[in-house]
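**Q** Add chains H and Z to chain A, keeping to what the hints say.
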Amino acid sequence: MPIEITMPRLSDTMEVGTILHWHVAVGDSVSSGDLLADIETDKATMELQSFDDGQVSQLIVSEGNQVDVGTVIATLLEDGEAKVEEVPEAPTPTIQKVVETGHRVSPVARRLAEVYGVDLQTVQGSGPSGRIIKRDILQVVDTVSETTAAAKTTSAPTPVVPSTPIQPLVSASPWQEERTVPLSNMRQIIAKRLVESKQTIPHYQVTMSFDMDPLLEMRKTLNKQLASVGIKLSVNDFLVRCCALSMATNPEFNASFGGDSIHYHGPVNVGIAIALPEERGGGLVVGTIKHADQKSLRTISQESQYLSKKARENGLSPDEIGDTTFTISNLGMFGVDNFTAIINPPNSAILAVGAAIEKPVVRGGELAVGNEMSATLSLDHRVIDGAMAAIYLKTLKELIENPASLLV
Amino acid sequence: MSVATAQRVIEFREALREAMIEEMRNDERVFLIGEEVAQYNGAYKVSKGMLDEFGSRRVIDTPISESGFSGMCIGSAMRGLRPIVEFMSWSFSLVAADPILNNAAKMLYMSGGQFGCPIVFRGNDGAGGQLASTHSWCVESLYANVPGLKMAIPYDPYDAKGLLKTAIRDDNPVFFLESERLLSTTGHVPEEEYTVPFGQALIRSEGTDCTLISFGRPLHFCLEASEELAKEGIYCEVIDGRTIRPLDIDTMVHSVRKTNACVVVDQSWSFASVGSEIASQIHAICFDDLDNYVHRVHSDDVPTPYSHNLEQAYLPNTRKICEAVRAATYNA
Amino acid sequence: MNDANTTGVEASGVPQTMQKMSKIDLAPIPNEGVLLGWLRQMLLIREFEVRTMQAYQNQLIGGFCHIYIGQEAVAVGSIAAVNDDDPIVLAYRDHGHALARGMDPKYCMAEMFGRIGGCAKGKGGSMHMFDADHYLYGGHGIVSAQTPLGAGLAFATKYEDEILKGGKSSHVTLCFLGDGALNQGCFYEAMNLASLQDLPVIYVLENNRYSMGTAIDRGTSMAEELHVKSEAFGIEHAIVDGKNVIDMYRKFKSIADWCREESRPFFVEAQTYRYKGHSMSDPRKYRTKEEESREEENDCIDLLTTFLTEEFDFTKDALKQMNKQVKVQIRDSVTWANNSPETPMDEMYKDVYTDTWGPYTGTSKPEMLEEGGET
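Chains as they are written, first to last, in my numbering: chain A, 3 to 410; chain H, 61 to 392; chain Z, 46 to 420.
Okay, chain A solo, but in the shape it has when bound (with noise of 0.2 Å):
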């Protein structure tokens, strides 16, 4: 059994060492307390001593290279044990890449599956020697919303694009079986892209809470008015109007990090979470509201009502999901207090609204019941900085709590 030596930890916050000088070579007999290495640590140059007598067969990281603390740097073989030359080298300390095979995509079954969120290592290619094509990735976006009926092949495909965390709404009975379901498409989607959100984007939150009496007293004056022509307006369709108007001063809320840069958008498109019901596989997918700046609150009500039960009904198509700039997830009318959310890729902020709650407040130094919201942003730090944050929600707090000016 050859004996393993390791980067050692020579410092309290040393992580990673490099080995600046081998004294030994590989065949050379080494006794316990001989030095074998010079290591330069975060601190200072140390040298590395044998514990161990024997021979030294490896020598695995070699001088001016960095490796991990723990990391094997070279093995010793104790007396007895089989010839240096016989010892088979292990493979050295390099990131192997991993070379994918035998996945023949077409061009735009590639395309398709990164439009769906398709993960191409689950599906089973029908084209020649195995190659997925066009048929294979919809016939997976089809099986998602496969409910709609008697849709032939051509009818879009209802796409899924999650943006917060689900929240259990119904908790497991204690009588229920213990069962094991395998995860529908759409599941894994969401897995696989919150996974990706959370792990890949530096999330943070910022909350802050609204006074709604203006707001909740336009409303009620204007769904009165409004209720012969049949419209209703809900606090998210103010809400959407208030996020899409506060950009305009706020343009990082209307970006996306690209690595290198940071992309401003032009079009305004705010997405609305909208929960799928259970047979429709549930799930959530984000409808769009494009141009919602240049929108009207009733046009923006029109729209978020059409794609609402559209989603629940027939699913959404490509054009009615893609494309967002900024997502709003409201909870509210669960009685959710408030909650964070997770940011809807290529976002860099999702608004988390909760239920606007009779609250007690402090109105010109008195004591009064006011309804009061809580709102939490999650936010991209790469591209939003606390400060930017702060004045975002002063600007939607503003439009909130004078509502008139969303009338203009």
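None of these hints come from the bench; they were simulated from the model.
For clarity, every value in this text was computed on a predicted model and none was experimentally measured.
The reader is advised that the hints may include incorrect statements.
Derived pair list, reagent style DSS-like, types lysine-lysine, alpha-carbon separation capped at 25 Å [to be verified]:
| no. | chain 1 | residue 1 | chain 2 | residue 2 |
| --- | --- | --- | --- | --- |
| 1 | A | Lys311 | A | Lys297 |
| 2 | Z | Lys65 | Z | Lys213 |
| 3 | A | Lys292 | H | Lys108 |
| 4 | H | Lys318 | A | Lys312 |
| 5 | A | Lys312 | A | Lys297 |
| 6 | A | Lys200 | A | Lys226 |
**A** Chains H and Z in isolation, oriented as in the chain A frame:
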């Protein structure tokens, strides 16, 4: 407009004749020249009766001398005349390759913009039927390689007239490729004046599953194949390119973006052809829209055989096109 | 169309036998001023060609380059015999004809330098001199390709004069060719058509006795009786001394007038000699120095100088003076050409088509034509 005129149906060759007659009436600089165009009334009767109307100074018989009369007409076009040169067959244009390619196509460039060449070369292109190889040339791929010329290939009488009028009015040399096999086909041609612009492809039938691109006579087989395939649930979008230079790649790209599959049918040989050029452009522009590589149907890569059965098997036909579409759409 | 009663021509207009010009009357010798003008033109061409060779060796000119030295009298004498608006088309040894026709040498030189100021904006080079203002329809690079074009230019002038203008054909086209072009098929097609169509075109054979390095009798049958080439098509012919510009002019004027009047083609063999190689890279190993010296003793410029000295008291000083002027003009042309910018990249896609589509950017005329009115 009465119903009768709206429904006026004439032969392809009559449509060509009307185009020439109208343009010659409009512009005295236009004249028709070629072998047997005058007294004989045209080897394929395209110019029938034109000698009577315009006389021997404007409808001119030539000896069998393509190099000479092509060059002569190019010289006259340099001074601003607008010759229509009829090749009895484009196969015979090969002996005139130097004047039509070196002089007509390059004159404007080599003279630094001083002398253009407003000339139309027209005649039968492609296999006429058991004419064997020297008389069955499809010159489109050979000549389309040359910048400086334009190339139009009409499929029906409407386009034959409209495209030929545009060709005659064009200030550049136009290679106008007709098909002997189409001359007797009929179609609706209005009495009213009209032209068909160059560089605008025509969608001859709409479909969702595969874009089928062709020019001239093979379109007939494309349309037949399209009907056949529809029975199998494969819907082709058949595009008539109409002109090769300029090529309306935009219309083709637009269609491929929709269908994600494409088959090009080109009656010339496959090597370095119009078909390979279009396939290459589609691959470049639509790379991420393709579900399969662009399939092509050409004549077989051999000299055109005389034997009837060999010739039929050699040319692009409905069966070959159906097979190509099925393969391109993974329905093979 | 011929008169039906012209000898040897049937009513159909198709000549069945040789249509003879009764006799070539020699046109009168022009006055001293005209002769001095020709001398100056020949000196100008020769100096231009000397500087062309120099520029070629200095790598200012690329590609193929064919020098006209020795043959100057052919271009000068024949072009002097026709009207300014009679079309001219020729082969690739074309600098001399362009200058004789009136192109400013600076445009010719700039073309060879590949500059935007060239007559074809630097797109043609040495072999492709075009000048619309001077009815010069180009030098053409493919041997004999210009011969059907010459028929076409004559066809066009006849068509314009008779059909578009309703008058009488009143132009004659000059189509120059070298003896190498005699063996290309299209020349015979062109002559056949010219004869059938009664086209007023003069095929001027500049017989310098070599097609590249092949002596005429090695490459052309009936080399000593070239008139048979045109006789087969019923086309009248004549032989002129291509070294004697006065003789060249006097016969040529008479021939051109006949062609114009009768609307018939003609075949003229001008006997001459090129002093230099076929092109700049030709070592001239196929002929002897003695032959070259013998030919150069009988030089077209010397012949005219002698005539002027004998007839008009033309002095050596006057000749020197003229030579000096010519040298200055050519030097200025070289400078001008050298100062003309390289043809810019936006010319790449210009002049491919007259209209704009795809990558093509339409067409525009060279600077020479814009300034044409002034020079």
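**Q** Determine for every hint whether it applies to the structure shown.
**A** Right, here's what the structure says about each hint:
1. With a C-alpha separation of about 20 Å, the suggested pair Lys311/A and Lys297/A falls inside the 25 Å cut-off, and the hint holds.
2. Proposed proximity of Lys65/Z and Lys213/Z is supported: the alpha carbons are some 21 Å apart, at most 25 Å.
3. Proximity of Lys292/A to Lys108/H is assessed by CA-CA distance (about 63 Å); at most 25 Å being required, the pair is judged violated.
4. For the proposed pair Lys318/H and Lys312/A, the alpha carbon gap of about 24 Å is at most 25 Å, so the pair holds.
5. Proposed proximity of Lys312/A and Lys297/A is supported: the alpha carbons are some 20 Å apart, at most 25 Å.
6. A distance of roughly 43 Å separates the Cα atoms of Lys200/A and Lys226/A; the hinted pair therefore is violated under the 25 Å criterion.
Comparing the model with each numbered hint stated earlier shows that hints 3, 6 do not hold.
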